[in-house]
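A.B. asks: The listed protein sequences derive, respectively, from chains S and C. Each residue of the first sequence is one higher than the last, beginning at 0 in numbering that gives the first Met the number 0. Each residue of the second sequence is one higher than the last, beginning at 0 in numbering that gives the first Met the number 0.
Possibly wrong hints are sitting among the right ones.
What the hints assert, rightly or not - Not everything, but these chain C residues come out facing chain S in the computed CB check (under 10 Å):
1. Thr16
2. Glu20
3. Glu110
4. Arg172
5. Glu176
Said to hold, decoys possible - Derived BS3-like pairs (lysine-lysine); straight-line CA-CA distance at most 25 Å:
6. S:Lys216 - S:Lys246
7. C:Lys178 - S:Lys216
8. S:Lys227 - C:Lys178
9. S:Lys14 - S:Lys216
10. S:Lys27 - S:Lys14
11. S:Lys216 - S:Lys227
12. C:Lys178 - S:Lys246
To be verified - Per label pair, the in silico range of CB-to-CB distance:
13. S:Asp190 - C:Asn26: 40 to 50 Å
14. C:Tyr80 - S:Asp190: 22 to 32 Å
15. C:Gln67 - S:Phe9: 50 to 60 Å
16. S:Glu78 - C:Ser153: 27 to 37 Å
17. C:Arg187 - S:Glu68: 47 to 57 Å
18. C:Ser81 - S:Glu64: 51 to 61 Å
19. S:Pro217 - C:Gly43: 41 to 51 Å
20. S:Arg209 - C:Ala56: 38 to 48 Å
Treat the hints as calculated values from the structure; they're not laboratory data. From a predicted model like this one, the values you see are computed outputs, not experimental measurements. Backbone N, C-alpha and C fix where the C-beta goes; we use that ideal spot for every residue, glycine too.
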Amino acid sequence: MGYHWEVLQFLVTSKVRRRLLVLLWGEKQAGSVADLAALADVSFSSAHAELREMQRLDLVRTEREGAKEVFSANPAHPEADLFSRLAAADQPTRSPASARDEELKGKLVFLGAPLRGVRSSAVATSDVVPVLVEGAQLARRDAVVARCLPVCFWNQRDQLDGSSLRNIDAAPETKHVVAFFLELAGQLGGDRRLVGLAEFMRDNRLTQERPFFYTMKPGTARELPAAKHWGFSINVELDSFRSLFDKFVSK
Amino acid sequence: MTAYRDRRIYGIEDIATLLREVDRHLNAPARIVIIGGAAAAFHGAVSTTTDVDTHNALSADLQAALEQARFVTGLDIPVSYSAVADVPYNCEDRFEQPFADFRCLEVCILEKHDLALSKVIRCAEHDLQQLEEVHASAPFSLDVLVVRFRDEMSHVIGDPGRIRGNFLELIERLFGELKRTEADRSTRGKPA
């Protein structure tokens, strides 16, 4: 999801105001309160209140067309360019992957991630755990990587033990992400030891459930007990992880 | 250090190479309908996995040809039938055929709007991500998505309210919040 889109959603939390801003400044629409309320799919009274407030702040101008008062963006506003750019961000675009992300994906491919079109990049044995931790962090921004990670954790299971996991230098939330993938890999591969190892990363201060993917919208989560167990809601079902895992792991 | 898989990059070119080899090993006509991430990759998605899901069951001849092709090319790409995929009703009329020069193997790929609607049923995060990438590469048409959802998705199995919610979520991810309200109005009261 594009950064500016997220900024727009964050700054303008009112749905009515955001939609009217996007209509007026992003799509350069003009119309009466009723017209704009219909286009934004909001009530007349809410649109009326917002447009009057925008008028007070000089964000919109009005013209009479017969009996109709027509609202449009005020292009003479000193910050007109800023509003236009912000409102245009309503069309979300995914940020391109960074070179660092691509390099990390190459390492994950080396560890078994079936990522199409990514060149494998060698990983020293001593770097396996740090790469898995970085992969777990990337997985929150890249759902395709997330789907592949249980395969990597499974392939590396012999190198994962209590001491290597206990010494991970990462934020508590990241440790819970790693624990989630360990538990998921253990569940998919039928190795309860991994589920037990995951408990080394339990931080009891983390009690609130949070979305696994940064781009996830509230209310879209599916039932995935391993995610819930580690305090995450997630919009990927177990079957999606399982189908890929079964194709690429020879148990 | 240990490599757990070979160093190949299984890109679109590799799928094409494998399928070309499959075609060489077939003696009778066969068909493969590519859906899922591999179809998304054909349409420009960059974040996909290296497996190939098909909408049709693979015949014994086709499976044997696949095995031979994997051996000859060294491309160990899993190709498997996905029995749970739902696609728009008339999608067969719009299949794309990128390998028209093949002798026996007919390779069909879901048209990109049909692909998007096939992913609406599950609407997992990785599906949305791939569709965003397709959209960035070659934009979807909102009108086409709305019309096909309204007219060609009533046969799919699942909770209509959930499927419609997934569709609107997809529209918002691709086109923004305002277009979601447009799509919401256009599909209101229509069974998914």
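A.B. asks: Of the numbered hints stated previously, which ones are contradicted by the structure, given in increasing order?
C.D. replies: Of the numbered hints given earlier, those the structure breaks are 1, 2, 3, 6, 8, 12, 16, 17, 19, listed in rising order.
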